[in-house]
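Single-letter residue listing:
2 protein chains.
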Amino acid sequence: MTVHKYSDIKLLVKTESFDSIVLQRGERMSSDKDFIKQITKRSDDFSRWYTDVIKRAELADYTTMKGMMVIRPYGYEIWEHIQSNLDKMFKDTGHKNAYFPLFIPESFLKKEAEHVEGFAPEVAWVSFGGDEELEERLAVRPTSEAIICSMYSKWIKSWRDLPVLINQWANVVRWEKVTRPFLRTTEFLWQEGHTVHESAEDAQSETLRMLNIYKTFAEDYLAIPVISGMKSEAEKFAGAESTYAIEALMPDGKALQAGTSHNLGQNFSKAFNIRFETRDQNLEFGWQTSWGVSTRLIGALIMVHGDDSGLVIPPRVAPLQAVIVPISRGNWKETVLPEAQKLFSSLKEAGIRVYLDDRDTYTPGWKFSEWEMRGVPVRIEIGPKDIEKGQVVLVNRINREKSFVEIGNLMIELNNLLEKIQKDLFEKALKYRKDNTVTNKTLNDLAQTIEEKRGFVRSGWCGSPDCEAKVKEKTAATIRVIDNKKESGINKCLVCGKDSTDTVIFAKSY
Amino acid sequence: MTVHKYSDIKLLVKTESFDSIVLQRGERMSSDKDFIKQITKRSDDFSRWYTDVIKRAELADYTTMKGMMVIRPYGYEIWEHIQSNLDKMFKDTGHKNAYFPLFIPESFLKKEAEHVEGFAPEVAWVSFGGDEELEERLAVRPTSEAIICSMYSKWIKSWRDLPVLINQWANVVRWEKVTRPFLRTTEFLWQEGHTVHESAEDAQSETLRMLNIYKTFAEDYLAIPVISGMKSEAEKFAGAESTYAIEALMPDGKALQAGTSHNLGQNFSKAFNIRFETRDQNLEFGWQTSWGVSTRLIGALIMVHGDDSGLVIPPRVAPLQAVIVPISRGNWKETVLPEAQKLFSSLKEAGIRVYLDDRDTYTPGWKFSEWEMRGVPVRIEIGPKDIEKGQVVLVNRINREKSFVEIGNLMIELNNLLEKIQKDLFEKALKYRKDNTVTNKTLNDLAQTIEEKRGFVRSGWCGSPDCEAKVKEKTAATIRVIDNKKESGINKCLVCGKDSTDTVIFAKSY
Chain A
703 MTVHKYSDIK
713 LLVKTESFDS
723 IVLQRGERMS
733 SDKDFIKQIT
743 KRSDDFSRWY
753 TDVIKRAELA
763 DYTTMKGMMV
773 IRPYGYEIWE
783 HIQSNLDKMF
793 KDTGHKNAYF
803 PLFIPESFLK
813 KEAEHVEGFA
823 PEVAWVSFGG
833 DEELEERLAV
843 RPTSEAIICS
853 MYSKWIKSWR
863 DLPVLINQWA
873 NVVRWEKVTR
883 PFLRTTEFLW
893 QEGHTVHESA
903 EDAQSETLRM
913 LNIYKTFAED
923 YLAIPVISGM
933 KSEAEKFAGA
943 ESTYAIEALM
953 PDGKALQAGT
963 SHNLGQNFSK
973 AFNIRFETRD
983 QNLEFGWQTS
993 WGVSTRLIGA
1003 LIMVHGDDSG
1013 LVIPPRVAPL
1023 QAVIVPISRG
1033 NWKETVLPEA
1043 QKLFSSLKEA
1053 GIRVYLDDRD
1063 TYTPGWKFSE
1073 WEMRGVPVRI
1083 EIGPKDIEKG
1093 QVVLVNRINR
1103 EKSFVEIGNL
1113 MIELNNLLEK
1123 IQKDLFEKAL
1133 KYRKDNTVTN
1143 KTLNDLAQTI
1153 EEKRGFVRSG
1163 WCGSPDCEAK
1173 VKEKTAATIR
1183 VIDNKKESGI
1193 NKCLVCGKDS
1203 TDTVIFAKSY
Chain B
703 MTVHKYSDIK
713 LLVKTESFDS
723 IVLQRGERMS
733 SDKDFIKQIT
743 KRSDDFSRWY
753 TDVIKRAELA
763 DYTTMKGMMV
773 IRPYGYEIWE
783 HIQSNLDKMF
793 KDTGHKNAYF
803 PLFIPESFLK
813 KEAEHVEGFA
823 PEVAWVSFGG
833 DEELEERLAV
843 RPTSEAIICS
853 MYSKWIKSWR
863 DLPVLINQWA
873 NVVRWEKVTR
883 PFLRTTEFLW
893 QEGHTVHESA
903 EDAQSETLRM
913 LNIYKTFAED
923 YLAIPVISGM
933 KSEAEKFAGA
943 ESTYAIEALM
953 PDGKALQAGT
963 SHNLGQNFSK
973 AFNIRFETRD
983 QNLEFGWQTS
993 WGVSTRLIGA
1003 LIMVHGDDSG
1013 LVIPPRVAPL
1023 QAVIVPISRG
1033 NWKETVLPEA
1043 QKLFSSLKEA
1053 GIRVYLDDRD
1063 TYTPGWKFSE
1073 WEMRGVPVRI
1083 EIGPKDIEKG
1093 QVVLVNRINR
1103 EKSFVEIGNL
1113 MIELNNLLEK
1123 IQKDLFEKAL
1133 KYRKDNTVTN
1143 KTLNDLAQTI
1153 EEKRGFVRSG
1163 WCGSPDCEAK
1173 VKEKTAATIR
1183 VIDNKKESGI
1193 NKCLVCGKDS
1203 TDTVIFAKSY
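Same order as they appear, the protein sequences are chains A and B. The first sequence finishes on residue 1212 if you use our numbering, and the numbering steps up by one all the way, no holes. The second sequence finishes on residue 1212 if you use our numbering, and the numbering steps up by one all the way, no holes.
A hint or two may mislead.
Within a straight-line C-alpha distance of at most 27 Å, the following computed DSS-like cross-link-like pairs (lysine-lysine) qualify [as the list claims (entries may be wrong)]:
#1 B/Lys768 with A/Lys859
#2 A/Lys1130 with A/Lys938
#3 B/Lys757 with A/Lys798
Hints in this document: simulated from the structure, not taken from any laboratory. Please read these numbers as outputs of a predicted model, since none were measured by experiment.
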């Protein structure tokens, strides 16, 4: 039996040909072939890796209904951290939560022409309540502009009632043809902000304020670098004046739209008659915005940070920030376990989300793999020798680097390590994005980039929908955002060669 | 122009015949006839008072869809406090949140016979997704046992997987004939816990543990005293082995079921094939529970604590625990306002949910009425004279008692007052319940009680559904709960006169 170095364990765990391995610390680990079999290697098949890891880490599960998934506790807890942090950012900027009905009368949905055209094909319709056929079908909300605007027209009378800054956390349903867990599901959870303002300027400021909050949240909490900017007409929200988005680059070179903020102008206020008396006593339609992010963010997080061993969850939104694995040797329940329990209590008390894995039905090695697969940022090992030395071992999930830490310094060192991991994940993703962003000046170049390696492609664009459509037809790439500053050196449309009005970022997208 | 005493203001505000009143402090208050007109006196018409106050305090609003309401920010914030506190109690007892689909295939709903019989008449059915007619209708969940059990049967294999302790916060839809805001709406928000256990005993313990959490929460947070106990067969949940409930007495003498906890036994696990390998390697069906409370709790809170001036919200769940009203006299913006702002900042920093009403478009008197109507437990007044004396005035929402408090002692005194209000609200409600609970030994006596003043009626009952049905037929009262201890002196069934097996509590109910 070979004695492997500690640092080799992950490698070993990933082969399927061993029966048992011996840890450097002398722990015997029974094999768990099934454990690894269930996760396709990320480098082999990114798409299967994605669904495997979701299933294996118990983030979500499929139901018998197409595109309807269950978010399991471990996945839902990530959502809870996303929710609580975003909610705080919304409230700090003056927004309040409310709750509007799940259903929208068909006639309401039809009031804004572009809106109904965009959403009607995706709507789930309720036509029976009990045994009674409804006079008017009810849409299960695909988004709530219509029902919310119908209420705003009752509530808003005067400039004194403005701004209205309301958000709701809710489920929505869109009948999707192709679905993937978290990324595109028939039902999903999201938040949708719906605001009304006195002026076009105020609405525009709000649109950008929320876009910026999304960018900050994605980068600071999810450790996902995003580009932000306006969408082209072809890609904007059905009924909006303009749509802004944050876009993240996934490791397969495809872009993921991770949040949108819409300036609705007066489109909905005119359709729903949301009028107010202005400060100078005229009647005016309100200027509106809406903005949302969804459980799709969890999909982004899985893809951006994961590796062949499974998930890597950024500490700020991780259900567990650290897991304590006692090294179960000899009479460990009398010697090691009480120390581990002390550590657990003190970390928990200090507000660390920590779990003590004291199960005696699994070996430490199995537990290491399990918690790595689940993406816990830091593993804390404690064994008899550590206790003698008054230390514990911290293991960084990203690179499995170990550090030996005096128990007295644990809180400081652990916090430092968590912060470092949060930062490193972001930097790593940012480097990937930089490495996979190129500038292309012709459609042929862009087509080649997309075919060979995808990524973000910066190009000139004349602003014409025709040129945009040609790119899509030839490469399947779309304009993800219009960059807010024109890049020097990009001054011609990549399709028609006319003067470029904008620098845009193309990519294939989810 | 008459000068009224401060303590008379409320009275004046409630008459509709004045044009202006003068406060003792010399503030002129413009009339706001509409303000009061919109709230029916509670003593005149309790039911209208209830809907008036909901509308006027902007807790909720109606939509054009029958029974579908909007929970407005001020109402939703109460729900947020209910949620966060209950959620903590659930997590402290080992429960995790998850999210299951909104839709349930019709065939799933039919698996448990009693369950479908109970809920099918209330189900909203989705039969179209976009333009495509579905092969199988989907129920919009009226409760989630069916969809959750279908997943549990996949997840649970061994006793090691147990207990499963999952809760979800969700919206549900029940097609109700008669609806009232918060109390009975077509869609409502709730939480539903769904657990699976190794043994009947464990399931029963969980059922009672959660019942007890509901009781504690209702009493400690909502300041609503509740009785708890088992339901009779006639009143139990469709599909349960036994149902337990907490019941509160409303000021109109009717009972409100405020939370339920069901021991499902093996009914659902057999219907959905949730089987596990036991510790001694047999196969066994899991024992299950489910339990829930809903936005109905807000309805209970409104009714139990409100008065003729509007809402009274218990401090622990109040969106605002205190409101600061600066007395706007002379150059108050230079003198009073800065002091008020300082108070506001220090209270906010100390974690008090506080609002500074610095609007100059309203008089202090108007603001007093407004915030009393909205049920803010404590008003803090600060005027020029108070500043001279280094004091503020605290006004208790329950009885409008004032206390003059040195600014240095404000935090302590305010906290004391908030705690006192929390306690006094409970005591007041408890006294009301005691005063309105009687023992009746005959059906005639009970009928008279119900007709004359309602309330809780303690009686003997032989356990027969026939006797129970006779009471309902004659009085419309139902058994709210079976008391867990037999009361001495009640030893005959109030209908048939046979030996009483149980002491039960009858009431008319919402």
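A quick look at each hint next to the structure:
For the hint linking B/Lys768 to A/Lys859, the alpha-carbon distance of about 25 Å falls within 27 Å, and the restraint holds. For a cut-off of 27 Å, the pair hint linking A/Lys1130 to A/Lys938 is broken: about 30 Å separates their Cα positions. Under the criterion of a C-alpha separation no larger than 27 Å, the hint pairing B/Lys757 with A/Lys798 is consistent with the structure, at around 18 Å.
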